[in-house]
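Since chain E is already given, all that's left is putting chain H on it; use the hints.
What follows is each chain in one-letter form.
Number of protein chains: 2
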Amino acid sequence: MVHSSGGTGIVMLNLGGPRGLDDVGPFLERLFEDREIIQLPAQGVLGPFIARRRTPKLRRTYESIGGASPLYHWTSEQGRGMAERLDRLSPETAPHRSYLAFRYTDPLTGEALRQMAADGVERAVAFSQYPQFSCSTTGSSLHELWRQVRHLGLESAFTWSVIDRWGSHPAFTGTVARKVAEGLQQFDEAVRDDVVVLFSAHSLPLRIINRGDAYLQEVAASVHEVMRHLDFSHEYALSFQADVGPVAWQGPSTASVIRALGRQGRRHVLIVGIVFTTDHLDTLHEIDHEFAEIAAEAGVTGFRRAPAPNDDPLFLDGLAEVVAAHLRSGEPCSRQFGLRCAGCTSTSCREIVRPVTSHRPAPVTTPADPR
Amino acid sequence: MVHSSGGTGIVMLNLGGPRGLDDVGPFLERLFEDREIIQLPAQGVLGPFIARRRTPKLRRTYESIGGASPLYHWTSEQGRGMAERLDRLSPETAPHRSYLAFRYTDPLTGEALRQMAADGVERAVAFSQYPQFSCSTTGSSLHELWRQVRHLGLESAFTWSVIDRWGSHPAFTGTVARKVAEGLQQFDEAVRDDVVVLFSAHSLPLRIINRGDAYLQEVAASVHEVMRHLDFSHEYALSFQADVGPVAWQGPSTASVIRALGRQGRRHVLIVGIVFTTDHLDTLHEIDHEFAEIAAEAGVTGFRRAPAPNDDPLFLDGLAEVVAAHLRSGEPCSRQFGLRCAGCTSTSCREIVRPVTSHRPAPVTTPADPR
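Chains E and H are the protein sequences, given in the same order. Heads up: the first sequence begins at 32 in the working numbering, then just goes up one per residue. Heads up: the second sequence begins at 32 in the working numbering, then just goes up one per residue.
Since the hints were made in silico from the structure, they are not lab data. C-beta: ideal position from N, C-alpha, C; glycine also. Wrong hints could be hidden among the right ones.
Interface residues of chain H toward chain E, partial, derived using beta-carbon atoms under 7 Å [claimed, not checked]:
1) A251
2) A252
3) E266
4) A268
5) L269
6) G282
7) P283
8) A291
9) L292
10) G369
11) L370
12) A373
13) G374
Isolated chain E (complex conformation) (with noise of 0.2 Å):
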C-alpha cells in the first residue's frame, strides 16, 4: 500500500449532541430534518415546528444532566487515544489524525473535511462509532459525508474507506465485558448471582426495522458476544430504549421489561447499554434517572447501570486495533457493507466516494466442516 505524507485522517462519524443549552434548538432541528431517521410530509416546514415544539423540555432534560451532552467530550478522547496508539501500532500509515464528524451538532462533517483538506491528509477512514449498523445512524452519517465531500467540492482530495460496523469485535464486546464485570462488582456478594443483565439498546420504529434493517441482528450479535466473554455467567436479556412517539417501535421496551422483573420479584438488575462508546442522554437521563425511578417503584431494589467505555485505556487500544486491522486488510468496507437493506429504494445508498480498491480475495464456499 503506498501512503501519503498527509497520513492517514480517521473521521470518528457520531450522532453527537448539544454542548450547551443553546444547541438544543439546532440539534433537534437537525433531527427531524434527517429523512434517513424521520419522514414527516412537508418536512422543511413540519420538522422545524417540532423540532421547535420539544424544545423547552429537551432543553431541561440536559439541564438535569448538568447542561450539556458529554459525547463531544468523550469522542474527543477516544479519537486522540486512539490516533495516539495507531501512530504506535501502525507507522507505516502514520501520522494518525481524528476528526469528529457529527450528524446533528458540532463538529458537522463539513467542518472535518475542511480540516483534513487543510492538514493534507489523503487516506481517509469513515469509522463509525455505531458499533452495530443501522441505516438510521451509520447510514444517514455516510450519506450526509459524501453529501459534503461534494458540497466542498473535496471528491478527489481523499482515497476513502469505511468502517461500517463492528459491533461484534473483540474490542467492543470484550470491553463492555469488562464493563458488564465491574458493574456486577457493584452488588454485593451475596446476592450477585442473583443479577439480572439488562442490555439496553435504543430502539428502532418497526417501519426501518420491516425494511430488513441490519441493526436487530447486529445489536443481538453484540450481546450473544459479550456473554460470552462472561462465560454466559447471569441470566440476561436484550431491551430497547428511547422509543418515544406514536409509532410502533421494537420491542420490548426497556420500561416494561424492569416493570415486569419487579413484578416476579427480581430485585437486582444491571443494565448495559449496547450500542453506545459513551456517555449520553440515554445513559446518563434515561437510565440513571427515569429507569432508575421506574425500578425503585417496582421493587428492583439493586438497580445499578454498567459503565460506558468511554476513555478506558484497554477501550482505547481497540479503537486503535480496529483501525489498524481495517487498514492492514486494504479492503474499502466489509463484505455485509454492499447488502442493502431489502427494502432500501435509495440508489445512493452503500456509496463510497473514490474508495480504496478491495484486496478481498474469492469468498470461502468449500464444504469442511466447522468444528
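Chain H alone, transformed into the frame defined by chain E:
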C-alpha cells in the same frame, strides 16, 4: 454421578406434524388449544371451530408435499443415531434410549413417558428440538411434559434435566454452516460470490416478543455463529416466515425480503432455515413452493435452499455431543432457563419436576481482560 441400570432416556421434544392426511385435523385442534401459542376467547369452543375451518386447506398443502410431514421420520432417525453414538461417547450413562414427544401429533408426550416407565428408565433428559428457546415452543412442550408426568402419576419415576437451548452450540451452527456451504455449491461459480444468504426463521407474534421472549436474540445469535463459521464469506440477512392471521408479527417477512431483493436486482439468493433441524412444512412447502414462486416473479432467477440437517451423520454426532456434555455437566438446565420472560405471569414457568442436583460453580464476576 450415580446412574440406574435403566440408563438414560432422552425425550426429543418437538412440535410434530401429521403423519397422514387424517392427522391434519387433530394436529390443528391441538395447536389451537395451546394457550402458550394462541390465546382466544372461549378457546375450548373457538379453537376447534377455527381448526375445523382451516383443516381442508392445510390437508391440500400436505397433499402437495406427499401427504405427510417428514418430521416423524427425521426426528426418529436423529434420536436413533444420537442414542447409538451416546452409548459409545458416554458409556457411563448407557444404555441411551430416545423417545419422541410431539406437542400436536402422535407420538404425544404421554406415550413417551409410559414407554420410558416400561423400559425402566430413571434418568431422563428433556431435549428440546427447537434449538433456540421460546416460551411458545420449548416452553409449551415442557409445560405439557410436566402436566403429563403428573397426569400419569410418574412424578417420582424419573430424575430430570432439560436441554432448553443449544442454538449457539457448534453442533447446530457448525452443521448449518456446512449446509450453507453445500447450498452455495448449487450456484454457478461465476455468480457464487454474489449470493445473498437469507436466514429464515419461523416468526413470532410481537405480543410474545414484547413480553420478553428470548427467541429473537437467540435466533440472531445462531445466525451470527453460522456466519462466523463461514468467516462471513457472503452478504446475509435474517427474516421471518409463517406469519399468518390478523396479529402483528416480528418482521421483516421473508416473502417481502425476497421480493425486495429482486427489485434491487439481486439475482441469487440462498435461503437457510435457522430454527428447525429437519425438513417440514416451512421448508418443503413455504420455501420450496411459495417463496420459490415469489422469487421467480421478482426476478431472483437463482433461488436455492440450503439442505436441512435431517440425518446428516455429522449432525447426529453433534446431537450426541450436546447430550454428552449436558450429562457430564450435571446441571438441570442452562443458567438462562432461570429467567422467565419479563412479562410472564405463569408461576409454573421454568418448573422442572424432580430435577438433578446442580453442580454449578459460583459465577465468574472478576474483571479480566477477555480479549
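The hints, checked one at a time:
no.: 1; hint: A251; in the structure: holds (3 Å)
no.: 2; hint: A252; in the structure: holds (4 Å)
no.: 3; hint: E266; in the structure: holds (4 Å)
no.: 4; hint: A268; in the structure: holds (6 Å)
no.: 5; hint: L269; in the structure: holds (5 Å)
no.: 6; hint: G282; in the structure: holds (4 Å)
no.: 7; hint: P283; in the structure: holds (5 Å)
no.: 8; hint: A291; in the structure: holds (4 Å)
no.: 9; hint: L292; in the structure: holds (5 Å)
no.: 10; hint: G369; in the structure: holds (6 Å)
no.: 11; hint: L370; in the structure: holds (4 Å)
no.: 12; hint: A373; in the structure: holds (4 Å)
no.: 13; hint: G374; in the structure: holds (5 Å)
Violated hints are absent here; each numbered hint is respected by the structure.
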